[in-house]
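A.B. asks: Top to bottom, those sequences are chains A and B. If you're matching positions, the first sequence starts at 77 in our numbering and goes up one per residue. If you're matching positions, the second sequence starts at 77 in our numbering and goes up one per residue.
No lab work stands behind these hints: they were computed from the structure. A portion of the hints provided could be inaccurate.
Any copy will do: because identical chains look the same in the list, a pair fits if it lies in one copy or spans two.
[Unchecked claim] With a straight-line Cα cutoff of 20 angstroms, these simulated EDC-like cross-link-like pairs (lysine to aspartate or glutamate) come out:
1) K319 with E373
2) K534 with E558
3) K617 with E333
4) K763 with E567
5) K338 with D471
6) K622 with D327
7) K625 with D775
8) K534 with E524
9) K717 with D327
10) K615 with E360
11) K618 with E558
12) K345 with E229
13) K534 with D754
14) K336 with D776
15) K615 with E558
16) K345 with E360
17) K172 with D133
18) K390 with E360
19) K617 with E557
Number of protein chains: 2
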Amino acid sequence: MGPSPTTSCHFIVFSCCLLLAIFLICFSWTNPSISSTKTNTLNRIAISSPSPQHPLDPLSLEEISSVQSVLRSYPQFSFPNAFPSIHTLSLEEPPKSVVLAWKPGRTFPPRRASVIAFTSGKSHVMTVDINSRKVLLHEIVTSVSGYPMLTPEDLATAAFIPFSNSTFLDSLISRGIDPSDITCAPLPSGWFGPLEESRRLMKIQCYSHKDTINFYMKPVEGLTALVDIDRNETLHIWGIGRKIPINSDPDTDYRYEVQKEKGTPSSCKVNPILMIQPKGPSFEVGGKHLIKWAGWEMHVRPDARAGVIISQVKVTDPETGKYRQVMYKGMASELFVPYMDPTDAWYFKTYLDAGEYGFGIQAMPLDRLNDCPTGAYFMDGVFARADGQPYLRSDMVCVFERYDGDVAWRHAEGPTTGKHVREVRPKISLVIRMAASVGNYDYIIDWEFQTDGLIRIKVSASGMLMVKGTTYENMNQVPEEEDLYGTLITENVIGIVHDHYINFYLDMDVDGSNNSFVNVHLVNQETNEGVSPRKSYLKVKKQVAKTEKDAQIKLKLYDPSEFHVVNPSRINTIGNPSGYRIVPGGTAASLLDSHDPPQMRAAFTNNQIWVTPYNRREQWAAGLLTCQSKGDDTLAKWTEKDRPIENRDIVLWYTLGFHHVPCQEDYPIMPTVSASFDIKPVNFFKKNPILRAAPYSKDDFLTLRSQAFA
Amino acid sequence: MGPSPTTSCHFIVFSCCLLLAIFLICFSWTNPSISSTKTNTLNRIAISSPSPQHPLDPLSLEEISSVQSVLRSYPQFSFPNAFPSIHTLSLEEPPKSVVLAWKPGRTFPPRRASVIAFTSGKSHVMTVDINSRKVLLHEIVTSVSGYPMLTPEDLATAAFIPFSNSTFLDSLISRGIDPSDITCAPLPSGWFGPLEESRRLMKIQCYSHKDTINFYMKPVEGLTALVDIDRNETLHIWGIGRKIPINSDPDTDYRYEVQKEKGTPSSCKVNPILMIQPKGPSFEVGGKHLIKWAGWEMHVRPDARAGVIISQVKVTDPETGKYRQVMYKGMASELFVPYMDPTDAWYFKTYLDAGEYGFGIQAMPLDRLNDCPTGAYFMDGVFARADGQPYLRSDMVCVFERYDGDVAWRHAEGPTTGKHVREVRPKISLVIRMAASVGNYDYIIDWEFQTDGLIRIKVSASGMLMVKGTTYENMNQVPEEEDLYGTLITENVIGIVHDHYINFYLDMDVDGSNNSFVNVHLVNQETNEGVSPRKSYLKVKKQVAKTEKDAQIKLKLYDPSEFHVVNPSRINTIGNPSGYRIVPGGTAASLLDSHDPPQMRAAFTNNQIWVTPYNRREQWAAGLLTCQSKGDDTLAKWTEKDRPIENRDIVLWYTLGFHHVPCQEDYPIMPTVSASFDIKPVNFFKKNPILRAAPYSKDDFLTLRSQAFA
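Whole structure, please, built from the sequences with the hints as guidance.
C.D. replies: Here you go:
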């Protein structure tokens with residue numbers, strides 16, 4: 077089975093042009109030889125680069141090729157056909173102390189790759205030194221459950237397996253479905269007990285793409301194949317004789333080329349708005365990954381698993397003009413998307429998208445006109461195929477400045493003492509964006525930096541619902557006692573209730589590595605009789621978390637706290653410790669039974685906030701090997717040790733959540749829903765750091781506006 | 077005391093140019109004779125207009141003048157010196173049925189004014205018919221406690237009263253303060269028992285404006301005068317000998333003309349960004365107040381008390397092209413801002429800003445460059461002075477379209493079946509904005525309409541903290557057991573902990589007036605043993621609220637619900653009722669003792685959501701007469717009747733809240749903090765109403781971009 081550069085297929089859902097494609101595995105990546113020679117365009121830097129500029133720069137095409145060749149000549153993998161599949165091949169970050177000590181111009185730390193390979197049922201965790209071409213570390217994982225992230229090749233293979241099974245094909249045909257009309261989704265099977273261990277399994281479900289690109293809205297409901305993706309075997313098929321009509325709505329295709337024929341409804345008649353910068357953008361890009369903007373500096377790199385990793389976030393103190401550390405590393409660590417239907421074709425849908433599918437691998441090229449505004453800088457991703465070959469994901473990340481008409485600060489007074497006082501400062505921010513298409517769902521992840529020192533992390537969800545076929549065409553047909561597990565969103569289609577949780581790893585280093593987590597608790601304090609006409613007030617009680625369990629936070633609206641990460645050694649001139657606080661948002665919490673297998677695997681949702689001592693092996697909230705894991709290598713497990721976290725190098729984990737009860741408006745493609753949380757300075761700056769910001773003046777716009785309205 | 081059009085002073089804080097100004101009461105309004113003749117500029121319509129265009133158009137200058145003349149000749153007010161002070165003079169809305177039945181071209185419903193006047197200790201609630209020049213209704217309020225909204229003239233008078241008291245002046249001088257250096261704030265005294273009843277009282281506290289415009293940061297701490305604002309008497313003075321140093325920081329003035337001399341820190345170095353619309357704005361303004369945009373129609377009017385009232389919100393159904401009703405009326409009904417310091421100079425600071433100060437009266441003209449982006453339409457307010465004379469508040473509201481680089485919906489897939497599918501639609505919205513400066517604080521209220529049918533109501537707070545003077549210069553001087561009631565934010569200044577609650581009145585009329593409130597409860601459902609490998613899932617249980625108590629909602633993160641307002645008579649083709657849901661945000665809850673006087677007055681914060689049957693007398697959550705009220709005419713009281721609310725004309729009340737523990741970054745002026753909640757279609761549309769939206773094309777921008785980057 078060799079890759080075919082001229083035929084391209086999708087890695088999650090594999091359209092089954094059976095006769096033609098069954099022996100082809102074909103990939104969605106761009107051919108590197110073409111991409112590396114493409115010319116520079118506005119705000120774009122070609123990916124081909126001889127050497128990294130920063131110790132955290134991702135591996136280049138050349139570096140990945142080197143690692144591949146080291147692995148190919150590695151004795152343990154050199155037996156015929158013993159070359160493993162490569163599930164992760166990415167930068168192994170130098171030790172934190174080394175990165176922190178490094179400065180431009182200094183000797184570069186060794187470039188190393190972290191590799192997770194899989195062969196003969198075993199996961200191999202390896203470190204490969206690129207310069208010396210040596211394998212420095214090679215561990216076969218035995219201590220924890222689970223398998224590595226699925227490769228695009230795994231998914232492509234899996235989706236085809238049931239097509240060699242005649243029962244499966246007969247089942248389609250007996251439903252009146254032409255197998256050439258269907259597109260199948262390879263779905264992680266989760267872990268639900270001993271029967272599902274010891275081999276890599278997926279479940280395959282199919283959809284009709286007849287007359288629509290939007291096959292997601294046309295499930296072949298119930299037909300589910302369990303496949304062994306290493307042995308290419310179909311192990312079991314459910315729902316063989318189940319006959320649920322396929323949604324016959326002729327208007328599910330969302331493409332503009334299809335919809336534009338139908339006329340534009342008034343809700344869609346809006347003139348375009350463009351953000352433009354008369355004096356040009358304010359950010360600079362050092363090398364390809366170091367962004368400098370409005371006193372901020374941060375390193376941004378695409379990552380196959382996390383999507384985007386933001387590192388070494390520093391902000392300039394206006395008092396001194398010098399950089400101060402805020403966060404060493406921030407990234408989406410894991411997602412958890414449990415569907416709320418316990419029946420056979422649905423119970424296992426409890427996805428851990430970063431650890432199972434790879435959040436970055438699924439981040440498709442951004443649309444330069446519609447995903448990011450004018451003036452954006454685009455960054456490419458460089459990843460490895462299962463055979464170790466590098467490939468390029470172009471325009472995977474964009475960086476742009478935003479002005480949305482909001483104000484950074486303001487005050488107006490009526491004319492006091494004869495003076496008119498009205499001072500208003502426009503709010504401008506910098507956004508770092510990627511959009512991962514995890515099958516049906518699209519997640520847009522934004523890291524937004526404000527001039528006042530605030531960092532907003534926003535998750536937006538769009539794309540398609542995962543829907544269920546039903547015989548019902550109207551709610552009046554549904555018996556009152558029947559649980560649909562969701563909403564009838566059109567005839568024969570139920571949008572199943574589900575949750576989304578996205579856990580963020582935030583290695584906060586506020587003014588240095590040793591920080592403490594402080595629960596700034598607001599409590600109702602009754603006043604003593606006769607002391608005040610007031611009976612009560614809200615009193616602040618601060619508690620420094622000593623160990624991990626002190627910092628396991630379930631948010632409570634009627635027992636509120638602020639959550640500060642402070643540097644107890646950096647006390648400022650009025651005696652407050654320098655700090656940043658996490659301001660929760662997207663606060664939906666998981667309500668699943670804590671012993672339910674999906675909840676055990678995604679036990680990072682047991683609390684909304686956790687704090688751990690820094691440990692470079694603890695980065696993925698649902699474990700390093702997530703597929704089919706039992707939950708034995710998770711944030712919840714690590715913190716059972718209840719380690720000390722006071723005045724240490726600590727990592728804060730925040731889980732942002734949504735409950736989603738679908739509605740008709742989510743059909744056939746969902747309007748974007750967003751939630752965000754903030755990381756915000758608290759007694760970090762001596763005063764408002766943008767006190768000296770300038771307002772817009774007429775001169776800023778005059779020429780341009782006259783052009784625009786000419 | 078006559079108004080002086082050439083000298084202008086602020087209505088809340090009155091700078092005490094003692095010798096010059098003590099006999100002048102001077103107002104911040106624009107002289108109508110000048111304003112009404114000003115010429116039209118881009119997106120601006122002169123305020124002078126002979127007749128209203130819509131039954132809900134606010135009273136014009138001419139109409140207010142007519143009402144004034146009716147009142148002047150009204151027999152009961154015609155005794156010498158018996159003319160009352162006018163506290164409210166605004167449109168009396170025609171009955172809802174009349175407004176709903178009205179169509180352009182039909183006979184106009186009678187124009188009437190709602191007047192609240194005060195004289196001789198009594199509040200008079202009146203209705204004046206403008207055409208017939210008759211007083212149709214005249215009630216002297218005796219059934220409930222409280223006084224009318226303070227007039228600007230009340231505030232101006234109150235701030236001067238202590239200056240005729242020698243003890244007060246001596247107290248200032250003994251602190252080494254020149255009385256000409258101070259600015260005093262007239263503060264509502266709240267209600268704390270029988271001693272404070274039966275007369276209109278305020279408390280006066282002062283600040284030094286020496287060498288700064290930002291007197292708010294320089295309190296003369298503790299010195300507090302209780303004044304009777306009708307008798308011009310100082311009743312009591314607290315803190316006479318208290319000597320707390322005044323903040324000596326020379327860098328509190330936030331004006332750009334002062335700050336620009338100090339150089340621009342890197343955090344403030346950002347190039348301007350302009351939003352421009354190559355094809356012009358997409359909204360239309362009918363008359364002065366009816367806005368049409370992207371299938372939406374809504375009537376927008378400035379209001380002295382609520383700030384902005386949004387009425388008759390309708391949205392076009394893309395299936396039929398016809399308008400459908402969503403909301404009859406939405407507005408900020410009340411604010412509650414309790415400070416968390418029970419000591420003598422602070423306990424009473426528990427403001428009800430809409431009912432006490434008038435949220436609209438405090439909305440100053442917006443900055444055309446910095447408060448609203450290019451292309452905004454500005455709307456003026458027309459209000460009445462205490463003597464009934466009309467005045468104009470120019471540029472009080474702005475309306476603009478927003479594009480911030482976000483997407484309305486998207487989906488990308490890898491190249492499936494040989495096709496590249498990546499469809500992304502930019503998100504554009506319409507914002508209606510005002511900014512009220514309630515003394516130190518600035519509240520920006522945005523009503524944002526999205527093309528997908530969602531309405532977002534956002535409250536942003538900026539301006540200055542209310543701070544307390546202290547002898548402490550460093551936290552190391554503060555005994556551990558001492559409660560500062562806040563944060564030391566600079567030497568000698570404490571930012572006191574406080575909350576903000578903003579209650580919104582939302583008269584939802586989803587597809588007609590009769591609606592029901594449905595609690596869509598998400599509960600953990602355990603599965604039966606052996607039925608599913610899953611142990612649990614989240615199940616939806618819907619409960620229709622029968623009476624008001626069923627709809628009193630305290631939000632719970634671990635016991636979540638969605639909250640739908642549905643029309644049980646409008647069942648769509650698949651059997652779902654048409655609905656809109658309220659999506660909470662800004663969920664901080666009041667923790668004060670329910671018997672604490674401020675909490676009794678602001679008992680609307682006892683729940684985050686309330687639902688009442690429509691009653692035109694119930695619009696102000698803390699009562700019609702809010703000043704010094706005891707809480708006997710509040711949302712909490714009305715709902716004690718537990719009236720039926722199922723399938724009726726209902727009003728939903730939502731309270732958005734913030735806890736605010738101040739920090740150094742809030743000094744000397746606060747970066748904006750925002751929170752919002754949404755009103756969102758749920759099974760209202762048959763499908764995503766912007767399925768047919770067009771993406772941006774290169775042509776949309778090409779010419780302009782080439783100009784911009786030329």
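A.B. asks: Would you mind marking each hint as holding or not holding in the structure?
C.D. replies: Hint check results:
Proximity of K319 and E373 under a CA criterion of 20 angstroms is satisfied in neither setting, with 58 angstroms inside one chain copy and 46 angstroms between copies. In this assembly of identical chains, the alpha carbons of K534 and E558 never lie at most 20 angstroms apart, being 37 angstroms within a copy and 39 angstroms across copies at closest. For the identical chains of this complex, K617 and E333 are neighbours neither inside a copy (59 angstroms) nor across copies (40 angstroms), given an alpha-carbon limit of 20 angstroms. Proximity of K763 to E567 under the C-alpha cut-off of 20 angstroms is restricted to the inter-copy arrangement: shortest distance 12 angstroms between copies versus 58 angstroms within a copy.
For the homomeric pair K338 and D471, neither the shortest alpha-carbon distance inside one copy (32 angstroms) nor that between copies (41 angstroms) is at most 20 angstroms. Proximity of K622 to D327 under the C-alpha cut-off of 20 angstroms is found in neither arrangement, the shortest distances being 58 angstroms within a copy and 39 angstroms between copies. Neither within a single protomer nor between protomers do K625 and D775 lie at most 20 angstroms apart by alpha-carbon distance, with minima of 56 angstroms and 57 angstroms respectively. Proximity of K534 and E524 under a CA criterion of 20 angstroms is satisfied in both settings, with 8 angstroms inside one chain copy and 19 angstroms between copies.
In this assembly of identical chains, the alpha carbons of K717 and D327 never lie at most 20 angstroms apart, being 55 angstroms within a copy and 49 angstroms across copies at closest. For the homomeric pair K615 and E360, neither the shortest alpha-carbon distance inside one copy (44 angstroms) nor that between copies (50 angstroms) is at most 20 angstroms. Taking the shortest Cα distances, K618 and E558 sit within 20 angstroms of each other only across copies (13 angstroms), while inside one copy they are farther apart (49 angstroms). In this homomeric assembly, K345 and E229 never come within 20 angstroms of each other (Cα to Cα): the closest approach is 42 angstroms inside a single copy and 47 angstroms across copies.
Taking identical chains as interchangeable, the C-alpha atoms of K534 and D754 lie at most 20 angstroms apart whether they share a chain (9 angstroms) or sit on different chains (17 angstroms). For the homomeric pair K336 and D776, the shortest alpha-carbon distance between copies (16 angstroms) is at most 20 angstroms, but the shortest distance inside one copy (38 angstroms) is not. In this assembly of identical chains, the alpha carbons of K615 and E558 lie at most 20 angstroms apart only when taken from different copies (11 angstroms versus 49 angstroms within one copy). Within a single copy, K345 and E360 get their C-alpha atoms only as close as 36 angstroms, which misses the 20 angstroms cut-off; across copies the closest is 12 angstroms, which meets it.
Proximity of K172 to D133 under the C-alpha cut-off of 20 angstroms is restricted to the intra-copy arrangement: shortest distance 14 angstroms within a copy versus 64 angstroms between copies. With identical chains, the CA atoms of K390 and E360 are at most 20 angstroms apart within one copy only, with a shortest distance of 15 angstroms there and 45 angstroms across copies. Taking the shortest alpha-carbon separations for K617 and E557, only the inter-copy value of 11 angstroms comes in at or below 20 angstroms, while the best intra-copy value is 48 angstroms.
Checked against the numbered hints above, the structure breaks hints 1, 2, 3, 5, 6, 7, 9, 10, 12 and satisfies the rest.
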